[in-house]
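Protein chains: 2
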Amino acid sequence: MNMERKAKPMGPVPQGYAADATGMLLIGGERADALVERAGDTPLFVYDTALISARIADLRAALPDTVDIHYAIKANSHPTLLRFMAGQVGGFDIASGGELALAQASGMAADAISFAGPGKRDDELTAAIRAGVTLNLESERECARAIDIADAMGVRARLAVRVNPDFDLKGSGMRMGGGAKAFGVDAVRVPALIRQIIDAGAVWQGLHIFAGSQALDAASIAETQASTLALADQIADAVGTAPPLVNIGGGLGVPYFPGDAPVDIAHVGSELARSLSQSALAQNGATHFAMELGRYLVAEAGVYLTRIVDVKQSHGEDFAIVDGGLHHQLAASGNFGTVIRRNYPICIANHFDAPATHIVHVAGCLCTPLDKLGDAVLLPEASVGDLVAIFMAGAYGASASPAAFLGHPAARELILQA
Amino acid sequence: MNMERKAKPMGPVPQGYAADATGMLLIGGERADALVERAGDTPLFVYDTALISARIADLRAALPDTVDIHYAIKANSHPTLLRFMAGQVGGFDIASGGELALAQASGMAADAISFAGPGKRDDELTAAIRAGVTLNLESERECARAIDIADAMGVRARLAVRVNPDFDLKGSGMRMGGGAKAFGVDAVRVPALIRQIIDAGAVWQGLHIFAGSQALDAASIAETQASTLALADQIADAVGTAPPLVNIGGGLGVPYFPGDAPVDIAHVGSELARSLSQSALAQNGATHFAMELGRYLVAEAGVYLTRIVDVKQSHGEDFAIVDGGLHHQLAASGNFGTVIRRNYPICIANHFDAPATHIVHVAGCLCTPLDKLGDAVLLPEASVGDLVAIFMAGAYGASASPAAFLGHPAARELILQA
Chain A
1 MNMERKAKPM GPVPQGYAAD ATGMLLIGGE RADALVERAG DTPLFVYDTA LISARIADLR
61 AALPDTVDIH YAIKANSHPT LLRFMAGQVG GFDIASGGEL ALAQASGMAA DAISFAGPGK
121 RDDELTAAIR AGVTLNLESE RECARAIDIA DAMGVRARLA VRVNPDFDLK GSGMRMGGGA
181 KAFGVDAVRV PALIRQIIDA GAVWQGLHIF AGSQALDAAS IAETQASTLA LADQIADAVG
241 TAPPLVNIGG GLGVPYFPGD APVDIAHVGS ELARSLSQSA LAQNGATHFA MELGRYLVAE
301 AGVYLTRIVD VKQSHGEDFA IVDGGLHHQL AASGNFGTVI RRNYPICIAN HFDAPATHIV
361 HVAGCLCTPL DKLGDAVLLP EASVGDLVAI FMAGAYGASA SPAAFLGHPA ARELILQA
Chain B
1 MNMERKAKPM GPVPQGYAAD ATGMLLIGGE RADALVERAG DTPLFVYDTA LISARIADLR
61 AALPDTVDIH YAIKANSHPT LLRFMAGQVG GFDIASGGEL ALAQASGMAA DAISFAGPGK
121 RDDELTAAIR AGVTLNLESE RECARAIDIA DAMGVRARLA VRVNPDFDLK GSGMRMGGGA
181 KAFGVDAVRV PALIRQIIDA GAVWQGLHIF AGSQALDAAS IAETQASTLA LADQIADAVG
241 TAPPLVNIGG GLGVPYFPGD APVDIAHVGS ELARSLSQSA LAQNGATHFA MELGRYLVAE
301 AGVYLTRIVD VKQSHGEDFA IVDGGLHHQL AASGNFGTVI RRNYPICIAN HFDAPATHIV
361 HVAGCLCTPL DKLGDAVLLP EASVGDLVAI FMAGAYGASA SPAAFLGHPA ARELILQA
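From first to last, the protein sequence lines stand for chains A and B.
For the first sequence, this note's numbering gives the first residue as 1, with consecutive numbering after it.
For the second sequence, this note's numbering gives the first residue as 1, with consecutive numbering after it.
There could be a bad hint or two in this list.
[Claimed, not checked] Restricting the straight-line Cα-Cα distance to at most 27 Å, the calculated cross-link-like pairs of lysine-lysine (DSSO-like) are: (1) 170(B) with 6(A); (2) 6(B) with 170(A); (3) 170(B) with 170(A); (4) 8(A) with 170(B).
Think of the hints as simulated: they come from the structure by calculation, not from any bench.
With these hints in hand, go ahead and build the complete structure from the sequences.
Here it is in structure tokens:
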């Protein structure tokens, strides 16, 4: 009877995960149940730094040597993870005064940190200027505020301009450019602002051009990168000075959902090399280039482990209730930035390679119908005490979820390092 | 030029708010700017207990005297607010071990607290049984676990059964019943479970029947309440014993969005009186009845105050960037349980009664396009330093939002008491 209903597909389990001889999911070579024991309890996020290193190595191999990789720490700013990331990438991008403190504690050099964000308060500008990080300016008014604060401190602010480009990243999950936006300065006004920065005696650090994120189509990403480099050339021409750094943004998505496929980074890299060969700034040699990536670096390296507290039937359908939920993994419940709820990849961790024979709804422990982690997913039979793993949990998980909602304990987090 | 574009409507400003002679929004009779000064800074949630008292008084006047009012503390569990609510309602409904501790600290009597939630862990069951609160059982298995734990402690557990009714609440924002659900026990299996409870020597406390929430149509609510009472009668007949309490659930919505109108509670109350007159349990007199309400009691009593950090233009459109955002008020950004984003009621607090002349996008300070608090809303001209108030912030605000996301400070909260 169970199989007469139709299972709903789930996203693909990411590379790098396998079972041991008993069928137990291994994360970083360790058994999921042993990791839970080590952490003390479920719910638990596990982040495997080896997968992050491998991801960065693959990306470096695909990208031209002249393009550095920066990490947008909003994706996952766990202090231990940040210390690891500080040794892996060329810079950090931050988005608040709180993230500034985290970035400083990580060991990343201040001059490799840049701070974007449309609503920076005076205390944030002050802290950033004092720390010597670069401000990615979001408006002319913010520029004036930063220069005033730096003048009052008797220092020179390091200022880059965040550009709102006239194009956007096609197929991106989140558009950051194209048309009227809260982010950055419209491209047409950027040269005048840069001249103001230089005239004011501040240190002009360059451009931040971020057209969108979470795109999977390599051709769209390549097209956007070509437009981004052309725009940087235009702005530099208009200003008459080469920007020290052009942050060309991110955009590389990860496959969360059924039908999603990983980005063809070889194609992105070769097209980016071609675009750089046509870029006057790149050929000039005075400008550094960086991509700013968040979830692409860390999402697939994280697994959210929960334990089944109850299994029950209702009107002939099976439910497995776990001790985690949307208070830790809001995005997996379909309630954060997605219009249509779809299933993240999910498994019974202690039966990772067993045949999937049962259709089950995996519900979180919260007393709200929003707390759905797996909707009619096909899994091995689920029993109380089983561990349920939800993949793609390395980015925008613990920190991007309403942890205090309904008064449940915070999730534990474990960072696996070689 | 600004007015050539079209403003998008916003929800209605709730009753109870007005401006002083200077145009400043008053909350609980106090100026919004004075409240910010008292709290120390924005962003700030202000909860006016006088509005909550008035709401409860209106509801008591509308409802039959035999129906008590319980508060579902998940809506807003701020400790100070809970101490106030403990003196206002007949019981608390909780959803976790954390909420149990909050409810106990509020002064609410243990025997007036009931605990629902589909994934209660053993430690939560133990704490609840030790405290003497009622468990709203969500499954036969949970019943067995609770009885085992109570037996091991040498006490009698207080057990009610959460019923998954065969009907749902039409027009409800969140359906809790009707068809296969993670919540409760299918109605057909409830009598057998109650007999098990009684046979095991536990204290049977009654029924919890919650068919949906956030409905605005009084006729739908009344119809559901009639069905709920009929179902309670059927179950009592099958068991042969009257339940001490029937919690008939909540369902009363509040108007968040354009076109929403308040529930006609006079109609709900008179129809409920009629349904009770047809209820064998109500006529028998051995059963108490209660409605369990969360957002209906507190949502409109809360205001989220933020300050404009920047105003800017992009492609001819105006943006006001505030120091708050979805990390405090996720629901207002349209990212929590809503498919289509619509505008909550919003105002410039220091120009509350000024003519609305400008179309502006009110964006939060987070570096993500999801952080939109007002989309093309018509407001008085907005300037840096102005206070922006977002109404309907008393329920599912601070505690239901990803506070740690992007590392900004937590919102302050101020409870106004007479």
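Structure-based check of all given hints:
Restraint check for residue 170(B) and residue 6(A): satisfied, since their Cα atoms lie roughly 26 Å apart, inside the 27 Å limit. For the given pair, residue 6(B) sits about 26 Å from residue 170(A) by alpha-carbon distance, which is consistent with the 27 Å threshold. For the given pair, residue 170(B) sits about 39 Å from residue 170(A) by alpha-carbon distance, which is inconsistent with the 27 Å threshold. Note on residue 8(A) and residue 170(B): the hinted pairing holds, with a Cα-Cα distance of about 26 Å set against a maximum of 27 Å.
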